[in-house]
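Novice: For the record, the sequence lines run as chains B and H.
Read in our numbering, the first sequence has 278 at position 278, and its numbers run on one by one without any break.
So the number in our numbering is just where the residue sits in the second sequence, counting from 1, plus 476.
In short, the hints are calculated from the structure, not lab data.
Careful: at least some of the hints might be erroneous.
Simulated pairs of lysine to aspartate or glutamate, DMTMM-like, Cα-Cα distance not exceeding 20 angstroms [claimed, not checked]:
| hint | chain 1 | residue 1 | chain 2 | residue 2 |
| --- | --- | --- | --- | --- |
| 1 | H | 494 | B | 177 |
| 2 | H | 677 | B | 134 |
| 3 | B | 218 | B | 240 |
| 4 | H | 824 | B | 106 |
| 5 | H | 693 | H | 679 |
| 6 | B | 122 | H | 786 |
| 7 | H | 494 | B | 136 |
| 8 | B | 375 | H | 813 |
| 9 | H | 506 | H | 568 |
| 10 | B | 375 | H | 615 |
| 11 | B | 122 | H | 635 |
| 12 | H | 693 | H | 786 |
| 13 | H | 513 | H | 613 |
| 14 | B | 216 | H | 496 |
| 15 | B | 375 | H | 775 |
| 16 | B | 470 | B | 347 |
| 17 | H | 852 | H | 806 |
| 18 | H | 852 | H | 786 |
| 19 | H | 513 | B | 136 |
| 20 | B | 122 | B | 80 |
| 21 | H | 677 | H | 635 |
| 22 | B | 470 | B | 346 |
| 23 | B | 375 | H | 612 |
| 24 | H | 513 | H | 568 |
| 25 | H | 824 | B | 109 |
| 26 | B | 203 | H | 775 |
| 27 | B | 112 | H | 519 |
| 28 | H | 656 | H | 627 |
| 29 | H | 506 | H | 627 |
| 30 | H | 513 | B | 240 |
| 31 | H | 750 | B | 328 |
| 32 | B | 203 | H | 714 |
| 33 | H | 494 | B | 109 |
| 34 | H | 513 | H | 627 |
| 35 | B | 203 | H | 508 |
| 36 | H | 513 | B | 179 |
| 37 | B | 375 | H | 496 |
| 38 | B | 112 | B | 80 |
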Amino acid sequence: MRVATLANETDFDGWRAGARALRQAGVQPGEAVFRVGRSASGLFDDGPLPPPPDAGFHTPRAFVDLAQAVILHRSEDRFDLLYRLLWRLKAEPDLLRVVTDVDVADALERAKNVSRASHKMKAFVRFRRIEAADGERWVAWFEPAHRVLERTAPFFARRFPTMLWSILTPDGSAVWDGETLTFGPPATRDMAPSEDEVEEFWKTYYASTFNPARLKLKTMQGEMPKRYWNNLPEAALIRELTAQSSARTETMVAAPASAPNLRLAKTLSRIGRDHAFDEGFVPSTLEELGQAVQACRRCPLWRDATQGVCGAGAKQAPLMIVGEQPGDQEDLAGRPFVGPAGQVLDEALVEAGIDREDAFVTNAVKHFKHEPRGKRRIHRTPLVSEVSACRWWLDAERRLVRPKVIVTLGATAALGVLNRKITVTQARGAVLTQPDGARVVANVHPAYLLRLPDEAARIAERRRFVEDLKLVRALL
Amino acid sequence: MAVLDLRRKLAVLADAAKYDASCASSGTSKRDSIGGKGVGSTEGMGICHAYTPDGRCVSLLKILLTNFCIYDCVYCINRASSNVQRARFSVDEVVELTLNFYKRNYIEGLFLSSGIIRSGDYTMEQLVLVAKKLREEHDFRGYIHLKLIPEADPRLVEEAGLYADRLSANIELPRDEALKRLAPQKDVGVIKQAMGRVRLKVEAARPAKKDRAKPPKFAPAGQSTQLIIGADGASDTEIVDRSASLYAGYGLRRVYYSAFSPIPDSSSALPLSKPPLMREHRLYQADWLMRFYGFSSAEIGDAANDGMLDLAIDPKLAWALNSRAQFPVDVNTGAREMLLRVPGLGVKSVNRILQVRRWRTLRLEDIGRLCRGIHKVRPFITALDWTPGGLTDAADLRARMTPSVQPVQLSLF
Ligand code: SF4
Ligand code: SF4
């Protein structure tokens with residue numbers, strides 16, 4: 001048996017020095033003993049001191065991190081487990097990655113318990129305030145599940161740097177003086193204050209935020225184990241709250257519905273809103289139309305969209321530009337053509353010499369049709385029935401704006417405006433005169449330009465897009 | 477009206493706020509108070525400072541500024557026509573209470589909501605004022621969650637985002653038609669528009685490139701919402717579809733599901749029964765599958781019966797039992813996406829399997845060490861020393877995998 005002596009229970013440096021020396025001396029895991037406390041004979045009980053560890057001796061960083069956590073575990077055999085791992089690392093340098101290995105799994109489990117104990121300490125420390133001659137002090141008594149005081153105290157220094165606090169535990173104490181954190185000897189419960197006036201408020205809050213209809217004791221105990229209850233002022237209420245819960249729930253369930261409060265009911269009738277959509281309604285201004293579309297239920301597209309997006313632009317614009325439907329960004333912003341396709345359109349308009357001020361921009365369908373895919377929404381082409389349903393709104397916009405020329409962008413827009421299907425690539429460039437006198441020119445949708453994978457094709461198509469817009473300008 | 481003392485007000489306004497399930501204090505920017513004039517820190521992971529016997533975590537001081545309300549949402553204890561006792565905090569009272577609780581390490585911060593008083597604008601203004609005081613006068617750096625009043629002026633929402641870590645507006649009822657019936661003054665369109673604006677703001681605040689100047693922070697912990705389960709007749713698949721649409725549309729961090737709970741002084745328009753807690757639990761599991769396991773809402777719908785999730789087994793197991801042709805998966809060669817679909821294997825277990833199998837060929841006992849219970853996993857995998865044989869397709873597999881008795885509530889004392 002070879003014995004290495006550590007200064008205290010969490011003396012990692014001492015353990016490391018001892019373990020290195022033992023390993024250097026070829027002491028097998030079963031033969032090495034780690035002992036806490038002063039030992040007159042130094043590192044080894046028998047045999048000469050081994051030579052200092054050679055320089056080539058290397059332990060992976062991951063092992064050091066793991067060992068620093070495991071050593072805080074309250075189990076007696078933690079030093080031996082760590083030594084066994086260190087020993088095995090020589091022959092199996094990748095050992096720590098094999099998390100299914102019995103020793104590795106054991107060490108990881110203990111590290112997890114330690115980290116949990118540290119987390120619970122952050123959660124369950126309760127400071128009590130005392131008035132000292134030179135100002136206020138904050139003191140907590142706490143019993144951590146593992147020896148995590150030194151590991152966890154810096155958290156409190158970051159959180160409460162302007163308070164003078166100390167945390168007393170059976171393992172030691174931590175004191176923050178406003179600038180530095182120091183650690184002192186173990187403490188006892190009676191060294192901490194026994195009450196704090198705000199605790200009554202806290203208990204009131206705890207009792208009131210509890211919903212008796214949802215008793216789930218097991219979950220509560222799993223997360224707030226009984227071992228901590230002693231030092232939690234609110235835990236004193238658990239028994240009573242639990243005991244009353246079923247009676248309280250049954251009273252609520254059994255109570256007859258009460259008569260509504262009349263005084264307030266009167267106030268209500270004044271602010272009741274009516275969102276019903278009236279089929280016979282005809283909007284007389286664009287503002288009215290923009291509000292009314294929010295209540296539209298002519299097709300199901302309103303359901304998953306944020307809002308109906310109506311046209312925007314000059315009220316008596318000579319040119320109306322009709323797209324397909326609002327996209328993701330338009331749906332959120334409530335304005336047409338603000339996303340990437342809108343940018344393409346804006347640039348093309350400038351190039352074609354068309355002032356955006358002269359145009360009224362809108363869509364054939366007012367709600368965004370899409371499919372959710374994780375955190376994104378994927379555009380879906382509206383059905384003919386949806387375009388037809390929404391034509392009611394497009395026609396209303398046409399009646400109010402009375403444009404001379406209408407440009408349709410893409411097949412859906414053409415369908416919305418012309419009420420029949422056309423092939424855009426064949427129809428583009430032609431001027432179709434409508435019964436109301438408006439002249440319609442079909443063009444592709446700018447999103448189509450964005451989707452073209454081939455650079456050369458994109459440039460060519462874009463040029464054509466602008467050319468077709470120039471033709472429109474000539475009609476204005 | 478008698479003046480209520482502060483403790484009584486706290487009791488009333490905490491009670492009034494408890495039906496909102498949200499409690500998270502996680503996912504915000506990392507900060508501490510070193511060099512500051514006050515207290516407070518956030519370090520990524522949320523902290524639950526206590527648990528009530530309902531198993532819910534107490535992380536934030538969750539209160540209403542007031543439970544007076546001019547709206548009359550039938551499912552809500554604070555609705556105008558309810559006879560519940562009313563109270564109102566002053567802005568300073570909330571600020572003081574928050575700091576007093578925080579300094580004693582009871583909470584991570586504040587979750588402040590309110591009934592609608594006077595108008596949406598006025599109410600939102602009051603909420604913002606509390607957050608502003610905490611941040612500016614007290615240099616408070618803990619967590620703040622503010623409820624959005626959807627009807628309020630967008631500029632107030634913008635201001636709220638400067639002080640708050642998280643903003644939330646509750647959709648409450650999965651069916652829009654039901655919201656109209658049960659919350660006549662609310663408008664789902666207005667709520668969605670408010671959420672849409674928040675998403676645009678949050679995205680605009682994200683630094684585009686490293687070298688660019690940082691835009692001002694806006695609600696770094698994003699936004700969330702809540703759906704009440706069991707008040708409007710919506711099926712589980714309707715609810716799951718609704719969530720999928722909300723996650724995709726507004727970049728929500730979380731959708732909370734809250735089993736409709738009987739309230740004192742309740743309205744005759746609602747079911748009076750114990751809250752469907754198991755149903756709520758299954759919906760959370762389904763939500764999890766969508767967010768972390770690559771399931772679509774349609775796939776979850778496939779595993780449901782008449783639109784309802786199986787209450788006896790979890791939705792992942794239900795899906796696997798319906799999709800047995802895709803199993804067993806070889807743990808030594810299977811793709812990550814498929815391993816994630818094995819019942820009983822969580823994201824962490826799968827990551828560990830992928831790590832270890834580069835160094836060792838896995839046996840069944842290795843898998844046992846990586847997951848909570850090998851019993852559930854076994855029929856769906858093959859390993860070096862294990863094939864499930866006919867087990868995967870056994871007719872009675874569902875029966876074998878169903879926990880025989882519901883675990884008895886643990887006795888406390
Ligand atoms: S897409 Fe058009 S028709 Fe359909 S609901 Fe929206 S506004 Fe009404
Ligand atoms: S607006 Fe509706 S849900 Fe909100 S407090 Fe008032 S009644 Fe309750």
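Novice: It remains to establish, for every hint, whether it holds in the given structure.
Specialist: Results for each hint:
With a C-alpha separation of about 38 angstroms, the suggested pair residue 494(H) and residue 177(B) falls outside the 20 angstroms cut-off, and the hint is violated. The straight-line distance between the Cα atoms of residue 677(H) and residue 134(B) is roughly 47 angstroms, outside the 20 angstroms bound, and the hint therefore fails. Proximity of residue 218(B) to residue 240(B) is assessed by CA-CA distance (about 16 angstroms); at most 20 angstroms being required, the pair is judged to hold. For the given pair, residue 824(H) sits about 17 angstroms from residue 106(B) by alpha-carbon distance, which is consistent with the 20 angstroms threshold.
For a cut-off of 20 angstroms, the pair hint linking residue 693(H) to residue 679(H) stands: about 10 angstroms separates their Cα positions. Distance hint between residue 122(B) and residue 786(H) is unfulfilled; the C-alpha atoms sit about 38 angstroms from each other, more than 20 angstroms. For a cut-off of 20 angstroms, the pair hint linking residue 494(H) to residue 136(B) is broken: about 33 angstroms separates their Cα positions. Between the alpha carbons of residue 375(B) and residue 813(H) the distance comes to roughly 18 angstroms, so the proposed pair stays at or under 20 angstroms and holds.
A distance of roughly 27 angstroms separates the Cα atoms of residue 506(H) and residue 568(H); the hinted pair therefore is violated under the 20 angstroms criterion. At roughly 34 angstroms between alpha-carbon atoms, residue 375(B) and residue 615(H) are farther apart than 20 angstroms, so this suggested pair is violated. Between residue 122(B) and residue 635(H), the direct Cα distance comes to roughly 31 angstroms. Violation of the 20 angstroms bound is thereby established for this hinted pair. A threshold of 20 angstroms between alpha carbons decides the hint, and for residue 693(H) with residue 786(H) the separation of about 42 angstroms lies outside it, so the pair is violated.
Of the pairs offered as hints, the one joining residue 513(H) and residue 613(H) holds, with about 9 angstroms between alpha carbons and a cut-off of 20 angstroms not exceeded. This hinted pair checks out: residue 216(B) and residue 496(H) have alpha carbons roughly 17 angstroms apart, not beyond 20 angstroms. For the suggested pair residue 375(B) and residue 775(H), the alpha carbons sit about 17 angstroms apart, so the restraint of at most 20 angstroms is met. Pair hint residue 470(B) plus residue 347(B) holds up; C-alpha atoms about 13 angstroms apart against a cutoff of 20 angstroms.
Restraint check for residue 852(H) and residue 806(H): the C-alpha separation of about 15 angstroms stays at or below 20 angstroms, so the hint holds. With a C-alpha separation of about 17 angstroms, the suggested pairing of residue 852(H) with residue 786(H) holds against the 20 angstroms cut-off. For the given pair, residue 513(H) sits about 16 angstroms from residue 136(B) by alpha-carbon distance, which is consistent with the 20 angstroms threshold. Of the supplied pair hints, the one linking residue 122(B) and residue 80(B) is violated, its CA atoms being roughly 29 angstroms apart against a limit of 20 angstroms.
Taken as a hint, the residue 677(H) and residue 635(H) pair is honoured in the structure, with Cα atoms around 11 angstroms apart against an allowance of 20 angstroms. Proximity of residue 470(B) to residue 346(B) is assessed by CA-CA distance (about 14 angstroms); at most 20 angstroms being required, the pair is judged to hold. For the hint pairing residue 375(B) with residue 612(H), the CA-to-CA distance comes to about 34 angstroms; that exceeds 20 angstroms, so the pair is violated. Taking the CA atoms of residue 513(H) and residue 568(H), the gap is about 19 angstroms. The hint holds against a cut of 20 angstroms.
Restraint check for residue 824(H) and residue 109(B): satisfied, since their Cα atoms lie roughly 14 angstroms apart, inside the 20 angstroms limit. A distance of roughly 45 angstroms separates the Cα atoms of residue 203(B) and residue 775(H); the hinted pair therefore is violated under the 20 angstroms criterion. Of the pairs offered as hints, the one joining residue 112(B) and residue 519(H) holds, with about 18 angstroms between alpha carbons and a cut-off of 20 angstroms not exceeded. The hinted pair formed by residue 656(H) and residue 627(H) meets the criterion: a straight-line CA distance of about 15 angstroms does not exceed 20 angstroms.
Restraint check for residue 506(H) and residue 627(H): not satisfied, since their Cα atoms lie roughly 31 angstroms apart, outside the 20 angstroms limit. For the hint linking residue 513(H) to residue 240(B), the alpha-carbon distance of about 40 angstroms lies beyond 20 angstroms, and the restraint is violated. At roughly 40 angstroms between alpha-carbon atoms, residue 750(H) and residue 328(B) are farther apart than 20 angstroms, so this suggested pair is violated. For a cut-off of 20 angstroms, the pair hint linking residue 203(B) to residue 714(H) is broken: about 39 angstroms separates their Cα positions.
This hinted pair does not check out: residue 494(H) and residue 109(B) have alpha carbons roughly 36 angstroms apart, beyond 20 angstroms. Distance restraint check for residue 513(H) and residue 627(H): the Cα-Cα separation of roughly 35 angstroms exceeds the 20 angstroms cut-off, and the hinted pair is therefore not satisfied. With a C-alpha separation of about 27 angstroms, the suggested pair residue 203(B) and residue 508(H) falls outside the 20 angstroms cut-off, and the hint is violated. Proximity of residue 513(H) to residue 179(B) is assessed by CA-CA distance (about 13 angstroms); at most 20 angstroms being required, the pair is judged to hold.
Distance check on the hinted pair: residue 375(B) and residue 496(H) sit about 24 angstroms apart at the alpha-carbon level, beyond 20 angstroms; violated. At roughly 18 angstroms between alpha-carbon atoms, residue 112(B) and residue 80(B) fall within 20 angstroms of each other, so this suggested pair holds.
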